[in-house]
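Engineer: Each chain, written out:
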Amino acid sequence: MAASSDSVERETQLQGLGVSRLRKEDARFIRGRGTYIDDIKLPGMLFGAIVRSPYAHARIKSINKDKALALPGVVAVLTADDLKPVKLHWMPTIGGDSQAVLADEKVCFQMQEVAMVLATDRYVAADGADLVEVDYEELPVIVDPHKAMDKDAPIIREDIADKDEVGHGKRTHPNHIFTWESGDKKSTDAAFDKAEVTVREEILNPRVHPCPLETCGCVASFDKPTGKLTVHITSQAPHLVRTVVAMLSGIPESKIRIISGDIGGGFGNKVPIYPGYVIAIVASIVTGVPIKWIESRIDNISTTGFARDYHGIGELAADKDGRIKALRFSALADHGAFNSHVSATKLPAGLFNICTGSYDIPTAYCRVDAVYTNKAPGGVAYRCSLRVTEAVYLIERMIDVLAQKIGVDKAEIRKRNFIKEDMFPYTTAFGWTVDSGNYHAALDKVLKAVDYEGLRKEQAEKRAKGELMGIGISTFTEIVGAGPTKVCDILGIGLFDSCDIRVNPTGSAIARLGTMSQGQGHATTYAQIIATELGLPSDEIQIEEGDTDTAPYGAGTWGSRSTPVGGAAAALAARKIRAKAKKIAAHLLEVSEADLVWEIDRFQVEGNPSQSKTMKEIALVAHTGDLPEGMEQGLGASEYYDPPNMTFPFGAYVCVVDIDRHTGEPKVRRAYALDDCGTRINPMIIEGQIHGGLTEAFAVAFGQAIPFDESGNHLGNSLMDYFLPTAVETPHWETDETVTPSPHHPIGAKGVAESPHVGGIPCFSNAVVDAFAHLGVTHMDMPHTSYRIWQQCHALGIDEGDAA
Amino acid sequence: MIPRQFEYYAPESLPEAISLLNEHGDSAKVLAGGHSLLPMMKMRFAEPEHLVDLRRITELRGIREEGKELRIGAMTTENDLISSALLQEKCPLLVEAARLIGDPQVRYKGTIGGDISHGDPGNDHPALAIALGASLVLQGPDGERIVPAGEFFVDTYYTALQPDEVLTEIRIPVPAKGTGWAYSKLKRKTGDFATAAAAVVLRMKGDTVDDVAIALTNVGTTALKASDAEDSLRGKKLDDVAINEAARLAMSICDPVEDQRGSVEYKTAMAGEMTRRALRTAHSRCK
Amino acid sequence: MASKQTVSFKLNGNDVDAVVEPRELLIHTLRERLAHTGPHIGCETSHCGACTVDINGESVKSCTCLTVQCQDADIVTIEGLERDGALHALQEGFTEKHGLQCGFCTPGMITRAYRLLQENPNPDEEDIRYWMSGNLCRCTGYQNIVKAVQYAAEKLSASQA
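Protein chains in written order, with the working numbering: chain E, 1 to 804; chain H, 1001 to 1287; chain A, 2001 to 2161.
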C-alpha cells in the first residue's frame, strides 16, 4: 500500500539506510577538535626519535651512545642490545617472517631502525639522534628483484639463512621467500598450446606508498603499579595489535588497552605493526613513563608498508573472436628485506587469484614468486584489498592487449567475455564464488553516458591530425570483506568482525564494533544501518570503535571490510534486538508474534495498525518488570559475524586522456565511474569514497613511484617528489551507479571504498596506452609521468615538429 | 623537521642588518620569506648559527616606478607582485611568472629578493631578471653597488652577493610599449620547480625581431642566458624555422641534472619546447 | 646555546606569550605550548599545508615559520573561526557538502579558504582549485571541498547583501 505522509515522515526522521544524511563525526573535525595521535599528551611523557641507517645493506660495527647521552634532556638511547633481555629486538610479522625491531648486527634497507633516543621533548630528541654514532661496513646491495635469486647474490637475511621455509612453503634460495600457485597449470598450459590467439606482456606494478596525510605514531604508557599497558596508536586494527603485543610482551591481554582515536587516513598504511610502536612500548615498560613516537613524512614513505612492487607477466589465450580460453599470470614480488606483508596466513599473495576479473574464463593458473631485496618491508597496502589492485591491473591491461591484437573494440571484447547475469553466483577457475553482478548493464550504462561511439569517432579524427587521444576502459570485479575464517586468519585469529549494541531505556543506543574508521564515516553509516533495523533515529545511535577495552573483538578496517563484515554484524545484532522487542511488543499488545508486522519504527497488529508499540516504547519497557515470563531485562545484543563469503563489488569506468606529444603531458579530460557496491548505505559518503579512491588511482597511474639507485638509496622519498596531486591537477570526477545486492550479506551491501582505486588505475593506464595504440604500442608501464610518456613519443619520433 | 639551534635577530634598519652579517660572516644567513631557507634548515642541510631576519626593514618591500625603471624592494613577496596594478600594467611578465611559483601560502612569504639571492638554479626569478635586463642593488659595509642580473649568478648556491651584503632592490628598465613577454614553465605539479622553463621578452619591428631576450630556468648550474638563440633571431622574421633554430640553440647551452623530473635528454628537449612556446606566446602579445 | 625569547602575539583574539628558542617552529608552539592542536603536521618539507594558519591577514604554513618571527602578530587558527557558538559559513559548508573524511587536512583547508574568501568573495571552481593548491587532501579528491567553499561564498555574500 502507498506510503502515507505519516510513514514518510517517520522514515525521514530515522535518517537510516540509503539516506545521504550529513556526517555525525564532522562536528569535531571542522572545529579542529579531532584527537589524532600527536594530539595526545600525557604527564611525564618522553619523545622517541629513531636513528636510521643511511645504508641499504651494511654490518653494524659499533654504536656509540656517549655523546647523545651527554646531551641535557636525553634520558636513554635504546639499541638492539637493550631489547635483547626481553627478546624484542626481533618480532614476528603478520607474513610469517620475523623483522628486526632495532637492527641486530646488520641493516637490510636504507633508513632501517637502528636506535631510539628518548628525550624530554622532540627538539632535544632530534639533536640527540644526530649525536648517536654508528659505524657501518657496507655490503653489496640487491635492488632489482630479478637479481635476488642469482647464484652469487648477497644474502640479505642471514638470520634465517638456515631456514628452508618462512611460513609459506619451501625456499629455493636464501633470498627466496615463497612461491605460491593457484589454479590448474596443466589444463591452462594445454589451452595455451592449442589456442588460436595468445598474447603476452610484461607488466610492472611499481612500488608505491599510500601516504595518508597523517603519519604513523603511538603513545605507549605502561603503568608500573597496576601493570597495565595503554597504547594510543594509529592502528586500523587495534584488537590485532593488542593480541600481538600480548604475545610479544607476555603481558596478559586483559592488561593491555589499545586505543585508536581519530586517524588521519589509513589506506592500509596503518595496519602493520611497526618497529617504532614496539620500541616505544618496551621503552615505556622499562622507564615507567609514557613514550611518544611520531614518524616524519620521509620516514613514512621510506619505511612503512609500501604497496605493489609486482613484476608481472600476463598471458591470455583466446579464439579469434577474442573469447578468452585461458589465463596464465605470474608475478615476481619484491617484498623488501622482511616479509611483513599483511595478509591472511593461508594467502601469502593475498587475493591475487581474483585476476580472472569480470570474465568467464574456463581455465587459469597463476604463480607468485616472492623475494627479499634491500628495501623497506611491506607489499599489501593502499586501498587494494590484498593484492587485488595488482590482479585487476593485470587482467584489465591484458584484455586491452588482446583487443588490440585481434583488432576488436575494447568495450566489445569485454562484453564478449563478461560473466553473464544468469551465471551468478559464479565460481571462477580459481575457486572464488562471485556473489552477484550485472556487468553488461553497468558497461552499457557508462558507454551511453559518455557517448562512447562519439569518443571513438573523435579519436579517429584526432589521429588523422597526429594528435594523441586515449580512451580508457576498466570493467573490474574486486573482492573485499575479508573474510570467511576458514580461509582468512591473521596469526590464527579469524577475520570475523563484531558489533555490540545496547539500547537505553529512553530509546537511544550505543553500538561498538571491532572495525576502525580512518575517515570512512562509520559513526554515520553504521548508525544508519542500525537505525533502519531498529527504528531509532541514527542521530541517537552512538557508534564507537577503536578502544579495545570496550569494543568487541574484530580485525579492524583495512580499507574495505567494514561494510561487508562489520556492517553485517551491526545488522544482525540489531535483528536480534528486534526479535526480542517483537516478543515484548506481542506481550504488551496481548497478541501472538505472528500477528505483528514491523513498520519503520514500530510493531503493528496486522489489520489494526493503531495497535502498535514503537521501539522507543519497547526500550523503556525492557528495563521494567513488565516483561514476558522468564525474559531478562535489557535490550541489547552482540553479533560476531563470520562472513560466508567475500563480497564482489564491481564497476565500469571510462576516461578520456589527451596527451601533449611535445612534452608528454597527459591530461584527463573526462572520467566517468560507475560503481556497484550492492545496497548503498549513504550515497553522499559513497560518492566521497569514489572521489578519493579515483584521486589516489590518478596519483598512482600518473606519478607515484618509490625509486632507488643501485646502492639502494632513495631517490624521491619526500613530498617534493612523491606525487600527491593538488586540487589543480586532480580531474573532475563523474559518478554513477547500478545496484546489484549481495545475496549473502544481511543488507545486501558489498563495500565500496577500494573499488575506485582498484578500478581507476587500469582505467587511466589503459587510456594512456590507447592513445598510442594506433602506432603499435601494446603496453606502457606506470607511472605515466610527462617524462615517461615523452620517452614513448620520442621513441616513435612524434615528439617534434608540427602535426603529421 | 627540527632545525639546529641558532641565534635570531630582527634588526630594524639596513645598516644594523649589514653590521650583523659583517660580524658573523659565513656563520650567518639572511632570512627573507624563509621558504627556501627554513625547509633546508629543518632537514639540517643548512646550519647557520645566526639568522638575520629582514622583515622589520619595511623600506625593503614595495614596488614603484622611478623614471624609466621599475624598482622592486627585495622583500616584496610573490603575492605582492601578483596583486600589483603597476606590474600588471608595466611588467606583466613578472605577474604571470609569480603565479607559477610555489603555492598560495608560499607566495605570501616568498620574496623576489630571496628567490634571486638563494642561488638555486630551480628558482624562477633569476631567468626573469636576466630576460628583463634587470640590475640588482647590493648593500654592504662599504656601501652600495649595482650588478647586472647577467653577472650575478655564478654557480649553484653561489652568487655575486658577499656574505656581508644584502640584496635590497631589483631595478627593471620599463619594457617599451608593445613589448611581448612570456614565461613558459613545465612542471610536474603545482609548487614544483621547473622541469625546464623559458623567459622571453620580445620587441618586434614590423614582422622582424627588433630585440629579444631568452633566459632558461633549471637546466644548468644557474639560470642561463640563451645569447646564441637571441642573436639568431634579431633582424629575422619570427617564423617556425627561426623559432626552431632558436630553440635548438637554447638547447645547446643546457646542462641539466638528471633527477625525478627527467633525464638530461628530456630536460634539454623541454628547454627547447618551452623556448618555442614562450617565443610564440610573446609574439602574440606584441602590439 | 641559543637564548630563549619571549614572544607575544594575538591568538584567535587573545593575547598570549610563549618563551621559545629561536628555532622553535610556530606549529609546535601552537600545538604543544598553547594547546591549539587544530593545525596538523603532515610533512616536513612545507608541501602539505595541513599546518596552515592565518598571520596578519595571510595564509601561512606554520611549519615554515619561526615563532620568534611572530612578535605582535595577529594569528587565527581553525579554533578561532567559530564565534559565540556560531559556525563560520565555511565550517557549515564543509559539513553540508561532505568536504571532509578523515578530517586531518580540514583545519588547514578551512583556514586557507577563510583567507581566500576574504580576498576573493566570489571564486569559480578554477579559482578555488588554484588558490587552494597549497593544501593537500588524500581522502576527498577535492571535488566536495570546492563545493564547500562555494557554499560558504554564497552564504557570506547573501549575508552581506
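Hints are supplied without guarantee of correctness; some may be wrong.
Derived pair list, reagent style DSS-like, types lysine-lysine, alpha-carbon separation capped at 30 Å [to be verified]:
hint, chain 1, residue 1, chain 2, residue 2
1, E, 448, A, 2004
2, E, 24, E, 61
3, A, 2004, E, 41
4, H, 1205, H, 1189
5, E, 24, A, 2147
6, E, 147, E, 185
7, H, 1189, A, 2010
8, E, 163, E, 194
9, E, 667, H, 1236
10, E, 465, H, 1237
11, E, 170, E, 320
12, E, 462, H, 1287
13, E, 24, A, 2155
14, E, 185, E, 228
15, A, 2004, E, 667
16, H, 1068, H, 1236
17, E, 465, H, 1068
18, E, 185, E, 448
19, E, 67, A, 2004
20, A, 2004, E, 445
21, A, 2155, E, 41
22, A, 2155, H, 1187
23, E, 462, E, 163
24, H, 1189, E, 465
25, E, 462, H, 1189
26, E, 667, H, 1068
27, E, 325, E, 445
Calculated from the model, a selection of chain E residues having no Cβ within reach of chain A, i.e. all distances over 12 Å [said to hold, decoys possible]:
hint, residue
28, 4
29, 25
30, 52
31, 215
32, 300
33, 431
34, 521
35, 690
Simulated DEER-style distance windows between Cβ atoms [claimed, not checked]:
hint, chain 1, residue 1, chain 2, residue 2, range
36, A, 2057, E, 71, 37 to 45 Å
37, H, 1013, A, 2006, 53 to 61 Å
38, H, 1237, E, 448, 48 to 56 Å
39, E, 709, H, 1157, 38 to 46 Å
40, E, 802, H, 1206, 45 to 53 Å
Just so you know, the hints here were simulated from the structure itself, not pulled from any lab data. Computed from a predicted model, the values in this text were never measured in an experiment. The C-beta atom is built at its ideal place from N, Cα and C for all residues, glycine as well.
Engineer: Next step is simple, just say for each hint if it's right about the structure.
Structural biologist: Hints and how they fare:
Distance restraint check for residue 448(E) and residue 2004(A): the Cα-Cα separation of roughly 67 Å exceeds the 30 Å cut-off, and the hinted pair is therefore not satisfied. At most 30 Å may separate the alpha-carbon atoms for a hinted pair to count; residue 24(E) and residue 61(E) exceed this at roughly 55 Å. Under the criterion of a C-alpha separation no larger than 30 Å, the hint pairing residue 2004(A) with residue 41(E) is consistent with the structure, at around 23 Å. Distance check on the hinted pair: residue 1205(H) and residue 1189(H) sit about 37 Å apart at the alpha-carbon level, beyond 30 Å; violated.
For a cut-off of 30 Å, the pair hint linking residue 24(E) to residue 2147(A) stands: about 19 Å separates their Cα positions. Annotation: proposed proximity of residue 147(E) to residue 185(E) holds, straight-line Cα distance about 26 Å (limit 30 Å). Only pairs whose Cα atoms come within 30 Å are accepted, and residue 1189(H) paired with residue 2010(A) is rejected, the gap being roughly 35 Å. The hinted pair formed by residue 163(E) and residue 194(E) fails the criterion: a straight-line CA distance of about 41 Å is larger than 30 Å.
Only pairs whose Cα atoms come within 30 Å are accepted, and residue 667(E) paired with residue 1236(H) is rejected, the gap being roughly 35 Å. Note on residue 465(E) and residue 1237(H): the hinted pairing holds, with a Cα-Cα distance of about 27 Å set against a maximum of 30 Å. With a C-alpha separation of about 40 Å, the suggested pairing of residue 170(E) with residue 320(E) is violated against the 30 Å cut-off. For the given pair, residue 462(E) sits about 33 Å from residue 1287(H) by alpha-carbon distance, which is inconsistent with the 30 Å threshold.
For the suggested pair residue 24(E) and residue 2155(A), the alpha carbons sit about 22 Å apart, so the restraint of at most 30 Å is met. For the given pair, residue 185(E) sits about 53 Å from residue 228(E) by alpha-carbon distance, which is inconsistent with the 30 Å threshold. Taken as a hint, the residue 2004(A) and residue 667(E) pair is broken in the structure, with Cα atoms around 51 Å apart against an allowance of 30 Å. Our distance criterion of 30 Å between C-alpha atoms is met by residue 1068(H) and residue 1236(H), whose separation comes to about 28 Å.
Taking the CA atoms of residue 465(E) and residue 1068(H), the gap is about 48 Å. The hint is violated against a cut of 30 Å. The hinted pair formed by residue 185(E) and residue 448(E) fails the criterion: a straight-line CA distance of about 39 Å is larger than 30 Å. A threshold of 30 Å between alpha carbons decides the hint, and for residue 67(E) with residue 2004(A) the separation of about 23 Å falls inside it, so the pair holds. Distance hint between residue 2004(A) and residue 445(E) is unfulfilled; the C-alpha atoms sit about 66 Å from each other, more than 30 Å.
Restraint check for residue 2155(A) and residue 41(E): not satisfied, since their Cα atoms lie roughly 38 Å apart, outside the 30 Å limit. For the given pair, residue 2155(A) sits about 36 Å from residue 1187(H) by alpha-carbon distance, which is inconsistent with the 30 Å threshold. Distance restraint check for residue 462(E) and residue 163(E): the Cα-Cα separation of roughly 59 Å exceeds the 30 Å cut-off, and the hinted pair is therefore not satisfied. The straight-line distance between the Cα atoms of residue 1189(H) and residue 465(E) is roughly 28 Å, inside the 30 Å bound, and the hint therefore holds.
For the hint linking residue 462(E) to residue 1189(H), the alpha-carbon distance of about 26 Å falls within 30 Å, and the restraint holds. Taking the CA atoms of residue 667(E) and residue 1068(H), the gap is near 43 Å; set against the 30 Å cutoff, the hint is violated. The suggested pairing of residue 325(E) with residue 445(E) holds, with an alpha-carbon distance near 27 Å, which does not exceed 30 Å. Here residue 4(E) stays apart from chain A, with its beta-carbon at least about 30 Å from theirs, past the 12 Å limit.
For residue 25(E), the condition that its CB be more than 12 Å from all CB atoms of chain A is violated, with the nearest at approximately 7 Å. Listed as a non-interface residue, residue 52(E) keeps its Cβ farther than 12 Å from every Cβ of chain A; the least gap is roughly 14 Å. Some Cβ of chain A comes within 12 Å of the Cβ of residue 215(E); the nearest lies about 8 Å off, and the non-interface call is violated. A beta-carbon of chain A comes within 12 Å of the beta-carbon of residue 300(E); the shortest separation is about 9 Å.
Taking the minimum C-beta to C-beta distance to chain A, about 35 Å, the non-interface status of residue 431(E) holds against the 12 Å cut. Against the 12 Å criterion, residue 521(E) falls within the reach of chain A, whose nearest CB is about 7 Å from its own CB. Distance check for residue 690(E) against chain A: the nearest CB is about 8 Å away, which does not clear 12 Å, and the non-interface claim fails. The given range of 37 to 45 Å is respected by residue 2057(A) and residue 71(E), whose C-beta atoms sit roughly 40 Å from each other.
The hinted range of 53 to 61 Å is not satisfied by residue 1013(H) and residue 2006(A), whose Cβ atoms lie roughly 23 Å apart. Checking the proposed 48 to 56 Å range against residue 1237(H) and residue 448(E) shows it holds: the Cβ atoms sit about 51 Å from each other. A beta carbon spacing of about 23 Å between residue 709(E) and residue 1157(H) contradicts the range 38 to 46 Å that was offered as a hint. Roughly 25 Å separates the CB atoms of residue 802(E) and residue 1206(H), a value that falls outside the hinted 45 to 53 Å.
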